[in-house]
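Residue numbers (this note's numbering), protein chains in the order written: chain A, 967 to 1656; chain B, 274 to 548.
Keep in mind that the hints were calculated from the coordinates and are not lab data. Think of the CB as a built atom: it goes at the ideal place given N, C-alpha and C, for glycine as much as any other residue. Warning: the hint list may mix true and false statements.
Derived DSS-like pairs (lysine-lysine); straight-line CA-CA distance at most 25 angstroms [said to hold, decoys possible]:
hint	chain 1	residue 1	chain 2	residue 2
1	A	Lys1114	B	Lys301
2	A	Lys1169	A	Lys1114
3	B	Lys461	A	Lys1027
4	A	Lys1603	A	Lys1551
5	B	Lys461	B	Lys496
6	A	Lys1615	A	Lys1169
7	A	Lys1531	A	Lys1187
8	B	Lys331	A	Lys1635
9	A	Lys1169	B	Lys301
10	A	Lys1027	B	Lys496
According to the in silico footprint, chain A covers these stretches of chain B (three or more CB under 8 angstroms from chain A) [claimed, not checked]:
hint	region
11	367 to 373
12	509 to 523
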Amino acid sequence: MSSGHRGSFDSRKTRYLRPDKPWTCGRPGQPCSRGPSASGLCQNTDSECSPMHSEGWWRSKTVRSAFVLTLGLVLFAMTQNEGQIFQQEIFSPGPLSHAHGKLDCAACHSENLNSFGGLFANVLGGTHDNLGSQGCVKCHDLGDHSRKSHGLDPATWAELYPEKDISELQDETECAQCHQEHQSSGTFLNMNDRRCQNCHQEKFDSFSKGHADFSDSYGLKPRSFNFDHSTHSLRHFIEVPDQAPATCAGCHSLEVNTGAMSVLPFAESCGGCHSSEISGQGAQGKNQGIEIFKLPEVDFQTLNDHGLQTYSWAKYPEGRTNAWTKRWFLNGEVGDSFDQLSDLNLSRLERAPIERLKDVEDFVQLTQTEWAAALEEDLQQWVARWMSPTVADLSLDELSDLSGQFPHALLQFVQEQWFVAIENEEPLNLTVVDEVEQGKNSQDDMLAGEDDMLAGEDDMLAGEDDMLAGEDDMLAGEDDMLAGEDDMLAGEDDMLAENTAHSYGDRASEKRADEYRRFVTGVDWANAGGWYLDGPSLWYRPVQHADSFLKAWIELESRNENRDKFSGDILKELTGEYSAGRCQKCHVGLGIAGQEVNWGHEKEIKDLDFTHFNHASHVFNDEGRQCNTCHTPAETKSAGGHDWLSVSKESCLECHGQQIQQDCILCHKYHASPFIRELNTATMEIFKKK
Amino acid sequence: MTIRQPKPLILLGLILVFFVIQNYLDIKSGELVSLAYESGWLLLGSFIILALYGMRKKFPFLPIGKTSSWLQLHLGIGLLSGYLFLVHSGFAWPQGSFEVALYFIYLLLMGSGFIGWFIMRWLPKPMRADVENLHPSRIPFRRSEILEEADALVLKVEEGALSERIIMGYTEVIRPFLNARPGLLHSKRHNELEIPTPIVQKLALYLPPSVLFSTESSRPFHKLIREKSDLDRMIVHQRWIRGWLFLHVPLTAVLFILIALHIFLVLGFSSGGAS
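Just chain B, same shape as in the assembly (with noise of 0.2 angstroms):
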């Protein structure tokens, strides 16, 4: 996992205002005045500024900086809205339902984004190791491809004591894995033949796999099933990698029409008591 050394500036900026916000807020704090309002307006300025981050990459050109200093800012500003999102919900869980929508949203939302900043970080260098020169969107057609050469390649299994076994690990166990599409957490590598620990164990129970792939002709298919393996788990990652924006950009929208219809809610409900 690489991360990147943030940029003095905005490191600075971000500190600077940290505890700016903070000094002012321990002043408020001890005046019979309600936060409320001082937070929920710097917490929904800073929600501002994270949404600008997504605008920005749909202006790539635009001469404001560059999209990785936007990226630190995103990701300092997201760890400052978090603070001022607790000193607005008052450090204490909310109540009605209403609240406890916009509350967890609003989590996982800010969750999304540090898991997705985490993906980002630690993925792409065994992306690099997978499958190299192999684009994603290739991927389904690769892996009918190696389908159809393992199906050519069992055809020519030529008779023999372990024939029938082969042609029965084949059909039962490494067919279907060939033809099946992955989940969202690949399975675990055989350390020695580096292929999922599961076929591995399945396999077993025809012939073991040592002696399967110990032939000429059974070689090609651990070729094979390694290939495989290799594309499910850069499609897992390329999952993660990709999907968790498939959470935070709508649950950004999501915020986006519960803050409002909040904002809306609070500016009617504190306005004057009943007379």
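Extracted from the complex, chain A is given alone in its bound form (with noise of 0.2 angstroms):
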């Protein structure tokens, strides 16, 4: 019999007693002495003798079955499965989170998985980092110190606490040590109270017993907008109590999205009673426009008499010109000449000498050449020139509000009206005599007036006149075209008699232009905003509230990247408290060089946010709960400006730390870094991969 003969064996027919005693073959007639072999195989090799396999026999059978098929199973799972390496959906240790869902293991695990070579370099000689954060970043960019403690730079650490040993935050921590991928539950967080405690070493046992109070300023935000809630509760609104909102809810609201409480658009808050401000009209209302562009008065007279060629010019101007014309000069070929004549008086020209006469002359021939030029330029390069050349790079957006949509007709009408050569046909030389109240006035009225005027017996001009000897309004400064006409009244009546050999237009052009003036003038053309000529200026009227052009060019000053010399002039004249516009009015903040503009009354984006707060969950359908149970009335306005006292811990206490939860992370969150804020957005990489 051979080793291997294993024939059936019937134990109930046989003799066969016990394999591990002296033996009994269990074949019948067969004893044997020898036995079977460990492993139960029959030692005999004379007879047929099949002893019974042992215990153990089976058991190694067994375990080497077991051993062998899964070893099976385990290789078929590694066989390639459309392009993998292996059986992906086998080895993955869960679901992805929906947001995870169409990636695949490259797109967050090592590239090296790609081969099963990688694959073992990486077991070999990875850094078993627990998964590094690379692959989350790639997409969830919270900025160059994602993995350092709450996602802030350690110099920003010692800024925040410069008298502590800030050396424990340089250590980093990779996203999966909180955030878990391949959790059916879709939690993804794993996060709690000790955690928080391994680093906050000052322990206390909950919020309602150790937790610090909060700041004095704890629910005071940083004021975007000069407000005071009790100057209109306890005077405005009873002066005008159709206006009054009944609730707080009259002027706030809570965005459902985030659950912070805001204030409601300006027409359905404020508007009701301070639109009418913004276009200069109402009892609040001073100017109307802002004078962009404004040419230089310049002495002609002195020119001609010195026998030098010029040109025409807009009519009446006065004074010198303002920062953006200025710009306007600076940025174009005709800057160095205006840079020249810079210690001149461009209005008294009596005693330049006739050198320094023919540089004006230059500026002025210039001046029309490049105007003329303008009109064969485009938009962006005309609005262009009103800035600082520090500026780049704006979008097509920021040009367009910029430019305010100036039209090529009111270039090609300033052309017409400011820089005709003497030569030339005569312009038409419309110059609007603006009023201040001029919606007060009929049009009539003031035409009459200004016919009158002409012939020297007008009501008006001895008004006027009286006015101008009374050093009124105009000395306020409320109307520079008043300004203007006032001047030009009081002592320029000759020269609209003399000015018969300059454009400035003759009695015949006069008569002309008094066509003209029959039509409605430039800032009341312009009652729906935007551009108009007055004059030797141009101007831009502001009516509604959030004006793209304002915010523009009061965005565009104030970053210090963009500020040149004239910035603080400009912001001046977009900001002051008498603005058109009257932007300053409300939002705080304005016209501070080098200060970010933060119009809304939103968190900033940059700001650090260690904690957060839902008011959606604090007030939504809770009659027990309004405004008033956190928020007080504070008797004296705080440095801030605020009218309320800050929120106290012991508002929250009332529930909190009773019967609501008071976890760390319910009221403070981990990524403080304002890059958090900007999460949830992937690049579009990850659809190339599928």
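Bring the two chains, given one by one in their own frames, into a single complex with the hints.
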């Protein structure tokens, strides 16, 4: 019998007894003295004995079978599937969250996983950092310090807590330590109070027991609006009760998406009373337009006296030009010429040497030439000349806002009005006489008054002379045009009579201009906002809230990188107390050089944010809690201008710490970096991988 | 059931190890680090020590402590590894196919180990009580002898009023029982007759057992049925006492492969993210 013989063995029919004792072979009539081997095989080569396999043999066979079967299954699972080096779905440790559902392994894990060689390399020489964060930050850009404590630059910590040792804050943490993928629950987050207390060593029992009191400013955001609740409630709303809101919701609303409390749009809140101020009307109305381009006054009389060739110029300019116009000059070919004249008073050239007068002549000529050239340029080039040379990379939207959609026709019209050469046909000289309170006077009255003015017999002239004599509102600087006309009326009657040789317009042209004066004039034409021409100046009139032109220029000139020596004057012009649009009346902090403009009340994205609060979960459908449950009016304004007291910890303790949870992360956020609020955006690269 | 008193040194050592591990994990759990590596390596270590017990049995001659001490260590570390396993899995059900397999095979392995330990402690005494002085390997032979004896007996049944019923009962109930192999569980015994209750109930269809086993000629049937029943009980006990190892040991081998693969995948996938 061979050692491999294993015939059937029926112990019920044999005398076989105990294989581990002196042997009796299982086969009848064949006693065996050798017995089976350790593996249960027959050792008798002479007979056909086939002993019963031992228990160990069977167990060993079972182990081997299970081992081989498992190994086979594993090898099958490691076979290639759809381009992957193994069956992904078998080895995936769990379903991905819905946001990551379309990603394959290599989107987050090492790209080495595309081959077994790479996988082995990872196993043998990898960092084993429990999944680095590189894959995460590919889409979730949390800035350069995403793995540092709270996602902040250690330098920021040093700045925040100069007295503390921040060496431990240099340590890095991987995203996967707290955010765990492949979890079916979808919570993704593994964070608890103990993890907070790992660093925050000043341990305390709970929010209700031991948590520090809130700061004096908690609940008081930095003010973006200059608004006084008390004055409005106690005075203004009493005067105009029909405009008074009945509850806080009259001006405030909840942003359902964020849970933040916000102010209703201007039209629904402040606009009821303050809309007319923007267009320069009403009791609070002051200036109606902003003088953007203003030709300087030039003493053409002196130039003529010296026999210099002059060209036409806008009628009745007064004084020096303004900041925008200076930029326009300096940004063009005429810049050098204009710059050379900085020491001259162009309106009084009597004592200027002839060489300087020639410079003035060149300047006038170049200005006219450049204006004509501007007609051949486009709007972007036109707007660019008003900006600081340091301004770069503006978007089309920004340029559009900064242009105020300046119409080409107006440019051409200005060319015809201001810059017609002497030898050419006489210009129309459409000089507009503007009046404060224009809307109150009838157009006919105005035309009649101006007719009379030209004749020297007009009541209005007399009245305006009186006004000049009395140094009235003009002196208050409320209307440049009034001032211009006052000057004209007071001292330039002669000029009207003498200006026959120049393009300032003779009597005939004045009469022709009168025809135009019968039409509605600049500022009144622009009662829906926009550009208009008035005398020697181009104006822009804002009439509605959030005027894009004003916003764009204020933002542009406020940014440090865009500023030049004219920015201060421009900002002053735009954000003065009584500037057109009256932005400064409500928006706090406008016109401060280098300060980023924050028009809204929202939290700035650049701010660090360690806590979050959701108004929605506190005031919706909760009759027991209203705004004043937490917010209490203050008797006096704080230094920051708030007329509310800060929110106290006690107001939270009414619920939290008792029947409501009080975990750290209920109010605190680990990711304080502002980048966290830019999360949930993914690069489009993810689609290229599918 | 008898439970051996644990050896103080082993018990103390295990308690100490438990507290050291627990304290370490407790400290680590507060940090912004993953405990998966620490608990995983500890779990692997415990698994290797548990497997060493099987190796120890292969080399009984080695002077490395008594097998009973190793068993106690095996049981203690088995308990400890159960705790580590829960820590490693985050006290949560697994999600992926492979991890589910790993999870449940580990549970099966640990469960079979403790069931085996329970069987070993609980069964030996009943086994001794069933059939004395009969080696388990002898049972099939003895069972066939019993059948032969019963067949011989039935031929000797004398003609009488009950002979037909006796022969019918033998043919339909007693002989199939004597010829049958037991299952995984033995039948409940009749209190008075000490034979399986189902046999009593089936025989009652032909002749009440109390009547059947009252005659001189049929009384040996009762003895043979009782002996066969005892043999069946012994076989069932043998199957349990040795059978659990047919689950426990192969599962150990399977788990070794799966653990190796698990470590391979974890190390492979945990090395750096996509660049």
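Outcome of the hint check:
{"no.": "1", "hint": "Lys1114/A <-> Lys301/B", "result": "holds, 19 angstroms"}
{"no.": "2", "hint": "Lys1169/A <-> Lys1114/A", "result": "holds, 22 angstroms"}
{"no.": "3", "hint": "Lys461/B <-> Lys1027/A", "result": "violated, 34 angstroms"}
{"no.": "4", "hint": "Lys1603/A <-> Lys1551/A", "result": "holds, 18 angstroms"}
{"no.": "5", "hint": "Lys461/B <-> Lys496/B", "result": "holds, 17 angstroms"}
{"no.": "6", "hint": "Lys1615/A <-> Lys1169/A", "result": "holds, 18 angstroms"}
{"no.": "7", "hint": "Lys1531/A <-> Lys1187/A", "result": "violated, 33 angstroms"}
{"no.": "8", "hint": "Lys331/B <-> Lys1635/A", "result": "violated, 58 angstroms"}
{"no.": "9", "hint": "Lys1169/A <-> Lys301/B", "result": "holds, 17 angstroms"}
{"no.": "10", "hint": "Lys1027/A <-> Lys496/B", "result": "violated, 39 angstroms"}
{"no.": "11", "hint": "367 to 373", "result": "holds (count 6)"}
{"no.": "12", "hint": "509 to 523", "result": "holds (count 5)"}
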